[in-house]
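Listed below are the residues making up each chain.
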Amino acid sequence: MNNFFKIKNRMLKAMAASVLLGACGSVFSADDRPNIIVILADDLGYADVGFNNSPDIKTPNLDVLAEKGVKMTSAYAAHAFCGPSRAGLMAGRYPHKFGSQYNLPTSNLSGGLGIPAEETYFSTELQNAGYFTGLIGKWHLGEKAEFHPNNRGFDEFYGFLNGGHHYFPQDFEKRYNEQKARGMNHTIFHYLRPLEHNGKEVKVTQYLTDELSTQATQFIEKADKDNDPFFLFLSYNAPHTPLEATEEDMAQFPHIKDKKRKIYAGMVYALDRGVGQVVETLKKTGQYENTLIVFFSDNGGKPPAGGNNAPLRGRKGDTLEGGFRVPMFFHWPEKIKGGQTYPHIVSALDLYPSFLSLAKVESKKAKKLDGVNVMPAILANKNARPGQSIFAMRHRYGYSDVAIRKDNYKALLFGKNAKWALYDVHNDPAESKDLSKKHPVLLRELVEEGEIWSWQHAEPKWFHIPKEGFDWRELSMPRFHETFSIDGVEQDGGSVTH
Amino acid sequence: MNNFFKIKNRMLKAMAASVLLGACGSVFSADDRPNIIVILADDLGYADVGFNNSPDIKTPNLDVLAEKGVKMTSAYAAHAFCGPSRAGLMAGRYPHKFGSQYNLPTSNLSGGLGIPAEETYFSTELQNAGYFTGLIGKWHLGEKAEFHPNNRGFDEFYGFLNGGHHYFPQDFEKRYNEQKARGMNHTIFHYLRPLEHNGKEVKVTQYLTDELSTQATQFIEKADKDNDPFFLFLSYNAPHTPLEATEEDMAQFPHIKDKKRKIYAGMVYALDRGVGQVVETLKKTGQYENTLIVFFSDNGGKPPAGGNNAPLRGRKGDTLEGGFRVPMFFHWPEKIKGGQTYPHIVSALDLYPSFLSLAKVESKKAKKLDGVNVMPAILANKNARPGQSIFAMRHRYGYSDVAIRKDNYKALLFGKNAKWALYDVHNDPAESKDLSKKHPVLLRELVEEGEIWSWQHAEPKWFHIPKEGFDWRELSMPRFHETFSIDGVEQDGGSVTH
Amino acid sequence: MNNFFKIKNRMLKAMAASVLLGACGSVFSADDRPNIIVILADDLGYADVGFNNSPDIKTPNLDVLAEKGVKMTSAYAAHAFCGPSRAGLMAGRYPHKFGSQYNLPTSNLSGGLGIPAEETYFSTELQNAGYFTGLIGKWHLGEKAEFHPNNRGFDEFYGFLNGGHHYFPQDFEKRYNEQKARGMNHTIFHYLRPLEHNGKEVKVTQYLTDELSTQATQFIEKADKDNDPFFLFLSYNAPHTPLEATEEDMAQFPHIKDKKRKIYAGMVYALDRGVGQVVETLKKTGQYENTLIVFFSDNGGKPPAGGNNAPLRGRKGDTLEGGFRVPMFFHWPEKIKGGQTYPHIVSALDLYPSFLSLAKVESKKAKKLDGVNVMPAILANKNARPGQSIFAMRHRYGYSDVAIRKDNYKALLFGKNAKWALYDVHNDPAESKDLSKKHPVLLRELVEEGEIWSWQHAEPKWFHIPKEGFDWRELSMPRFHETFSIDGVEQDGGSVTH
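Protein chains in written order, with this note's numbering: chain H, 1 to 498; chain E, 1 to 498; chain F, 1 to 498.
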């Protein structure tokens, strides 16, 4: 898109938005819709931020925002690991419903797979509604033109298309060039490849997290020059492996002895510094008051790679709380009263309808979203979905782990040949007391809801590695007749046939 | 839809229809296209109506219509059980071709599955052609907005979306309220849930069959006030289980000693009474002469639940005649001469093209229908499809039962490890004399046609219960190489490869 | 389509083309885009033409064209057997990507399966660009209206829809009529059925190859009367079985003693005679200079049916060179200098983009083609795809044969439990020296490319026979985790999870 077209396009979008809003003045009249920033950390554990009382990691900038905003203690990612979690976030639907239960294949670099275009992203809806939209950082939802951020709702994209990246440019550039010289072409490990800006290769000069933060501030400055509100998706790959931090950042944590944890802490600290720069830029450009910042992680932390999910059980990938309950806050000076803790369920799936509501657009197509607009409930500190469940499911080798959470309770199936358990995860976040014997009817109802949900799943469109696909077929997955069987619980009406 | 819009919409439809018909007078000029009523019974056996010589059940109103119309003795449902039978009826195509070979999942109450919108229903085509359309009773083709009768061609819907219902409102309301009080929410057995009118819950005050009949008469009266022809789909759930009849109706059958049969008989009697009310209303409103009534059952009767398919072998679910050959008549005073018996094949799949022909619309899209317009053949009492086959297939645990009927003959595969048999079901409806040795070439040809047909099947989009899906995959279904193998019969050209 | 409409349509197309071309004069101004003729042989072996030094078969007319044009020595069909090869040719994409890896079912005569309409054919693009388009001969891509040549880009179709045909009309007519008299209807072996012209049955009076040649000359004469360029797809079924040649043609090969080879040679000779007639007609109508003729075979020869692929290993169906490397030449007096040999890779997949370039149209839709426009490279005798691979894969019983060719090298997996091998097929076309030990990194890279390619495959939409479908499911195909495993080769980055 050349610049002329871009400007024209922007004017048209503004006009469209003004029509949508019923504005009768100039198309350049002030637009009071808030800016929206999503800051997503990668594999950040529940206990790895100051505002969640980390015993060893400090995140001063995040903490200030959390303190001045509302901190969510029961926030959930859309999935317990990366690709599907992001697919769910952007599409506003459980990734299982559109065959995206698995990460894209490792060897997909030019493989042409990605989230189907039928699954509209909220970025596209915000863009259509006149927002200036940008993605900085990690994508992981497909690389071919049709899946590329620039064709999926982002005016600006600076980052990398795959699932992760090395952090030190002097290092990854060198390895990339060596492999290229060996003629490896597209089979070079993608964590080493150059970053891009709207499809054009760029040269990174800083530690990657700092580079992304710098780009984010530049995006905000650029957005300031327009009269449009903006949406920024600042998608850090930190503190995802590879574990690589600067000496300076690690030096902030002299009390940490464990080598991995020390690097991890340094990585988080760099991310936090970036958040500080973002806030600074918002203030400098006068956009601080009317910008909603939503911070969270794409899934739980991974202890062997430095993360800590205490007091939650489990880790990234699990349907235990540690797998997909994540640190989160909403910060918006103009509307959200600070110093609050929001104890009710928030799902990453809720961001789609919530942002649409803020942008004053209705999803025109009859797209059935799985989340709810949580903004009114958050502003009132009420449960946004009383009596409504959220779900998690991760397929394993021949079986599936499942979680169904409703209000304070959670039905859990975890592990091969496991039995269904029930926890009051509001009061017992560590999932230590199984209440299945105490509330069998509730458990049965939750499991039944999970089964109903499972009927809406589509066959996986891909697997992370070919072996998983073979196993899926050989073991006649998804075997939901086993997943959702509860011994000894009578099913009302089950014997009727039609 | 508010009323104003509805009226506008109706006028537009009338105008569209007049353009379609090439009418040059007022758009309110008389429309001589017939009204169409489909009265569908649920699980009604071949021998359970007077006009098919039931030894114990009387159906005086149905019998009069059958007598004054044409009685079909070889009429077939589109499938041997409910959901697929109705899907085939509405879509005019074998349900196997669009992945709807199974009933929707039991636990689908809010599950969001249903017959894909790409499968246009004839109700939509009639509606588009200016017909005023109504569904009274059972749906069973999906509940979400996109699958709902009001979005699938019906201006009016009064009934229930699922596969069946209890009959006594005082009883089902009580049980529903009790379960609701227990907090069961949407997991309440759907046979107990309130009925609805165009999406709004209604309170039923009569025995359900009578309620549906009353609603049908009201629809006809309402339709009378328009100048449009109407299409009414009166979709009784009777005499499907649960077996519940009024004492008065059962008292009509003092000679029946078997408890179940007695209730069943009472249920059929109530249905018959409703048919009488419908006819009465047609006469009263002057629409009797130009209304085509098609009566039939969605599949064969179920003897353990009171049904009787004599002299046919087998029952609901089977590819034996008792599974899907059903009682049927066409009644239309203005065009159809009474007192006739039509011995040729009629399939529920034929209704789509036949009704379109009566409504003088051509299916614009290149929708390939599986039935034929049988109206001219019925009026002439000729075979509507000489030399053309109809098919039935029901998947079982690791194999499939199949029927292929052409003219007088039927190839049958029934039972695990069964061999193909051939019957002259015209002269031997009880399928007692296997003619496979006598007419091996004919059998081979029929089986070959079945195989060709099977290549057009789609993978099932759902299963009734998860276990069926697991079995399907584990047993590598559909295993059609076994289904369509005939030992010792040479296949011309089979060895050529391309 | 009636004639009036056809003429109007043609004028509209010409106008559209002129707009497209930016022409500002009369719509009937000269169009200097070349005519295009594809002459496709069926199962013709690499060594079965004079220009590839056949020791026993003479093809004087083909040889003259090859001599005056450019002869390709590394030309590949899109697949190693018929249906998918043609699907790939027409769609410009590997048939695996749209579920067409198998031939259409044998018993599909009225089965309604075919290549999905979403897969645009280049014939449609040429037609839309104002070309007069014709198919003479074999189709094999579906029979129902939506798949029929006349709905897939061909103004004219004279031939048969299935995968092959008998050659002597007096013989096939007789057998057809006999079977029809037996009431076999549509189960009559399709090799015997009447040919058609745009949907209407025609009576063939000559040996089939001659008939097709005659029709081709008539098409060219008809095209000459228009001002449009034309595209002719002359799709001979010769020398595919059944082995049937005229005595006169066989008499040309007194030196051949083997019965089958003699018939086969006669069949090829008849085809060559047809090519001569085509050239004659081009000359006579003054279109010889500006017509591009591309000649090739849809896959390798089948020695048990008379073919010879020397010096290549393997035969039709194999991923060995003999399976899909085929004789090919491009002939175009106006642009291509004669007497050349082109040693670089050309794939049948390249024809789509190459022809589009010649017709000066851009594929409007974002259709991702798998081939490249080879015209500039051929005119310059340069490698059209340096460093880019082409692929072949054939599924067998529980495993897959694969070939990945890039530049001079080819990675090969052939046979059950085989190991990956590497050949320099430019210098060692017989695949005699395995270089896998010598160039392990190259082999690994090729295999990795194959794996990436495999992720883009779709589940087969059909199988040639039902048994293949059962095997596919029972053996949990495609088992690509086995296909693309190379023992002992480390995968960079393989252990990272996201």
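Just so you know, not all the hints are guaranteed correct.
As the list claims (entries may be wrong) - Below are the SDA-like pairs computed for lysine to any residue, each with C-alpha atoms no more than 25 angstroms apart in a straight line:
#1 K180(F) <-> P169(F)
#2 K461(E) <-> D370(H)
#3 K438(H) <-> A181(E)
#4 K461(H) <-> E119(F)
#5 K461(H) <-> G99(E)
#6 K144(E) <-> K467(H)
#7 K467(H) <-> L442(F)
#8 K467(H) <-> P460(F)
#9 K461(H) <-> R473(E)
#10 K467(F) <-> G415(E)
#11 K467(F) <-> Q456(E)
#12 K416(H) <-> P55(E)
#13 K467(F) <-> E474(H)
#14 K367(E) <-> P34(H)
Unchecked claim - Covered stretches of chain E, going by a simulated chain F footprint (3 or more residues, C-beta under 8 angstroms):
#15 123-130
#16 451-458
Honestly, the hints are just simulated from the structure, not real lab data. For glycine and all other residues, C-beta sits at the position ideal for the given N, C-alpha and C.
Unmet hints by their number, sorted upward, for this structure:
Violated hints: 6, 12, 14, 15; rest satisfied.
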